[in-house]
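Visitor: Starting from the given sequences, assemble the full structure and let the hints guide the process.
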Amino acid sequence: MLVKTYCAAVMGLEATTVTVEVSIAHGTNLHMSGLADTAVRESIDRIRAAFSNTGFRFPSADITINMAPADIRKEGSSYDLPLAMAILAASEMVNTDMLDGYMLVGEIGLDGRLQPIRGALPIAIKARADKFKGLIVPIQNVREAAVVNNLKVYGMESIVDVVRFLNGNPFEATFVDTRREFYEQQSHYDFDFSDVRGQENVKRALEVAAAGGHNLIMIGPPGSGKSMMAKRLPSILPPLSLSESLETTQIHSVAGKLSRDTSLISQRPFRSPHHTISQVALVGGGANPQPGEISLAHNGVLFCDELPEFNRSVLEVLRQPLEDRRITISRAKYSIDYPASFMFVASMNPCPCGYYGDPTHHCVCTPGQIQRYMNKISGPLLDRIDIHCEIQAVPFAQLSQMQPGEPSAVIRERVIKARQIQTERFSHLPLGGGREGGRIHCNAQMTERMLHEFAEPDAASLDMLRMAMERLKLSARAYSRILKVARTIADLAGSEKVESMHIAEAIGYRNLDRGDWAERGI
342 MLVKTYCAAV
352 MGLEATTVTV
362 EVSIAHGTNL
372 HMSGLADTAV
382 RESIDRIRAA
392 FSNTGFRFPS
402 ADITINMAPA
412 DIRKEGSSYD
422 LPLAMAILAA
432 SEMVNTDMLD
442 GYMLVGEIGL
452 DGRLQPIRGA
462 LPIAIKARAD
472 KFKGLIVPIQ
482 NVREAAVVNN
492 LKVYGMESIV
502 DVVRFLNGNP
512 FEATFVDTRR
522 EFYEQQSHYD
532 FDFSDVRGQE
542 NVKRALEVAA
552 AGGHNLIMIG
562 PPGSGKSMMA
572 KRLPSILPPL
582 SLSESLETTQ
592 IHSVAGKLSR
602 DTSLISQRPF
612 RSPHHTISQV
622 ALVGGGANPQ
632 PGEISLAHNG
642 VLFCDELPEF
652 NRSVLEVLRQ
662 PLEDRRITIS
672 RAKYSIDYPA
682 SFMFVASMNP
692 CPCGYYGDPT
702 HHCVCTPGQI
712 QRYMNKISGP
722 LLDRIDIHCE
732 IQAVPFAQLS
742 QMQPGEPSAV
752 IRERVIKARQ
762 IQTERFSHLP
772 LGGGREGGRI
782 HCNAQMTERM
792 LHEFAEPDAA
802 SLDMLRMAME
812 RLKLSARAYS
822 RILKVARTIA
832 DLAGSEKVES
842 MHIAEAIGYR
852 NLDRGDWAER
862 GI
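Under the working numbering, think of the first position of the sequence shown as 342, with each following residue one higher.
Rather than coming from a laboratory, the hints here were simulated on the basis of the structure.
All values reported here derive from a predicted model rather than from experimental measurement.
Be careful, since some hints might not be right.
[Unchecked claim] Derived pair list, reagent style DSS-like, types lysine-lysine, alpha-carbon separation capped at 27 Å:
(1) K838 to K572
(2) K598 to K493
(3) K544 to K838
(4) K472 to K345
(5) K717 to K838
(6) K493 to K474
(7) K544 to K572
(8) K598 to K572
(9) K717 to K572
(10) K674 to K758
(11) K598 to K674
(12) K493 to K345
(13) K345 to K474
(14) K674 to K544
(15) K472 to K493
[Said to hold, decoys possible] Cβ-Cβ distance ranges computed for the label pairs, FRET-style:
(16) A628 to R818: 17 to 27 Å
(17) A390 to H367: 20 to 30 Å
(18) L376 to L451: 22 to 32 Å
(19) D678 to N508: 38 to 48 Å
All C-beta atoms in this analysis are idealised placements derived from N, C-alpha and C, irrespective of residue type, glycine included.
Guide: This is the structure in structure tokens:
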């Protein structure tokens, strides 16, 4: 008897419908085709044990299994459930009438219970696109998959529940109202800028960075609050839209980073990898391709603390994603695109001991050691960082003040207003106008042509820029960065034109471009 069930293979962020065909005839052999990996082939052993422990009989017959399309590699354990149901249906223990209308995914334990899988959200999106009546998933994945509207999602505890449902016993589809939770969770943050005493110039730089989506680096001695303020940056970023949240959730779903209680990611991601991270872990890939840290930070913040401690080859792979806001991973067997539109925020000490230029501590580093330390970060990478912010330790007088700093909610309102101005400015641009092939959402994404249209400096500003270019020996990329930051500063001030004072402040954020930086102190 020939039976077909349906599931999906996830490659990158996209799912492809897979048809599982099982044919049973007289004999004792088992054949599997369809480019299945080891985890899929091992599923027969798990299914056999699960049947024995739940009262079902594994057929003693010649079983032929095919997984189509055969040119797509099938990886992981999510194929256990459709294989098990196809074998039971071919053995006439499950009614075949309902199999055509449902997609099934799930790993099966030896006791017959269903275990969670990765990528339930893109699979649910594919099930809706292919007009299936419903999707059957492990109960742990039901909140994640139920985010997709116009699709009935059934969360099952074990294969016994699935068999009862396919044999016609009533079972209520799981409906999760995620939108209310989504908006409630957006206003809650664990960190707030009201905890920060002093550092007004750094908070201003972070506000400008948040308003325009600019990359930023903070440089200062240990204990000056670099990491503390970086962790509070998401609290002043504009809230995620539903489309951004869905895209972000999809990436984390594929990576297996969603908890059982999570339906939609409601806050912008904040990823802070350790400096020992490898290139593959940062950009993604591997034998079974997975998104890396730069994709997990999509629509959020990637924070690299102690930037010079990272392997230089690891840092250099950031250059292309910072420009294109996408990462293409090409290997012999696959080529996958992952989105990587993130704010890059970094921090570093000014020298190996950390106290170069600090008025309260003596630096023990030689000029050569300081120069070698700074040279660990390449010029092209620094060019891609819009804002360079110097930071000093907070004096005791400010640190001991009981009066809290400006709360994140107040700063966030100014950032949102600036972003609204940018949204209106770029709304007339056609889809595909950005480097990543989508809409332009903030000033940091502007192309050179847009700079001439929206950030053209006046004569006085142009003279100021010319002097800065000659004195600091800035590159053409740094010139563009200054104009983008100046445009954001003008938006925060509510100014339609980029004026001299906006240009002057933007130039002040290029401190690491100064040729005498390692000689003058900070």
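Visitor: Each hint should be assessed against the structure and marked as holding or not.
Guide: Structure-based check of all given hints:
Pair hint K838 plus K572 does not hold up; C-alpha atoms about 32 Å apart against a cutoff of 27 Å. The suggested pairing of K598 with K493 holds, with an alpha-carbon distance near 24 Å, which does not exceed 27 Å. Restraint check for K544 and K838: the C-alpha separation of about 24 Å stays at or below 27 Å, so the hint holds. With a C-alpha separation of about 17 Å, the suggested pairing of K472 with K345 holds against the 27 Å cut-off.
For the suggested pair K717 and K838, the alpha carbons sit about 38 Å apart, so the restraint of at most 27 Å is broken. Of the pairs offered as hints, the one joining K493 and K474 holds, with about 7 Å between alpha carbons and a cut-off of 27 Å not exceeded. This hinted pair checks out: K544 and K572 have alpha carbons roughly 12 Å apart, not beyond 27 Å. For the given pair, K598 sits about 20 Å from K572 by alpha-carbon distance, which is consistent with the 27 Å threshold.
Our distance criterion of 27 Å between C-alpha atoms is met by K717 and K572, whose separation comes to about 24 Å. For the given pair, K674 sits about 46 Å from K758 by alpha-carbon distance, which is inconsistent with the 27 Å threshold. The hinted pair formed by K598 and K674 meets the criterion: a straight-line CA distance of about 25 Å does not exceed 27 Å. Restraint check: the Cα-Cα separation between K493 and K345 comes to about 20 Å, which is no more than 27 Å; the hinted pair holds.
Distance check on the hinted pair: K345 and K474 sit about 16 Å apart at the alpha-carbon level, within 27 Å; holds. Restraint check for K674 and K544: not satisfied, since their Cα atoms lie roughly 46 Å apart, outside the 27 Å limit. For the proposed pair K472 and K493, the alpha carbon gap of about 11 Å is at most 27 Å, so the pair holds. The hinted window of 17 to 27 Å between A628 and R818 is violated, with their beta carbons roughly 36 Å apart.
For A390 paired with H367, a C-beta distance near 24 Å keeps the hint of 20 to 30 Å intact. About 26 Å separates the C-beta atoms of L376 and L451, a value consistent with the hinted range of 22 to 32 Å. The hinted range of 38 to 48 Å is satisfied by D678 and N508, whose Cβ atoms lie roughly 42 Å apart.
Violation of the numbered hints given earlier is confined to hints 1, 5, 10, 14, 16; the remaining hints are satisfied by the structure.
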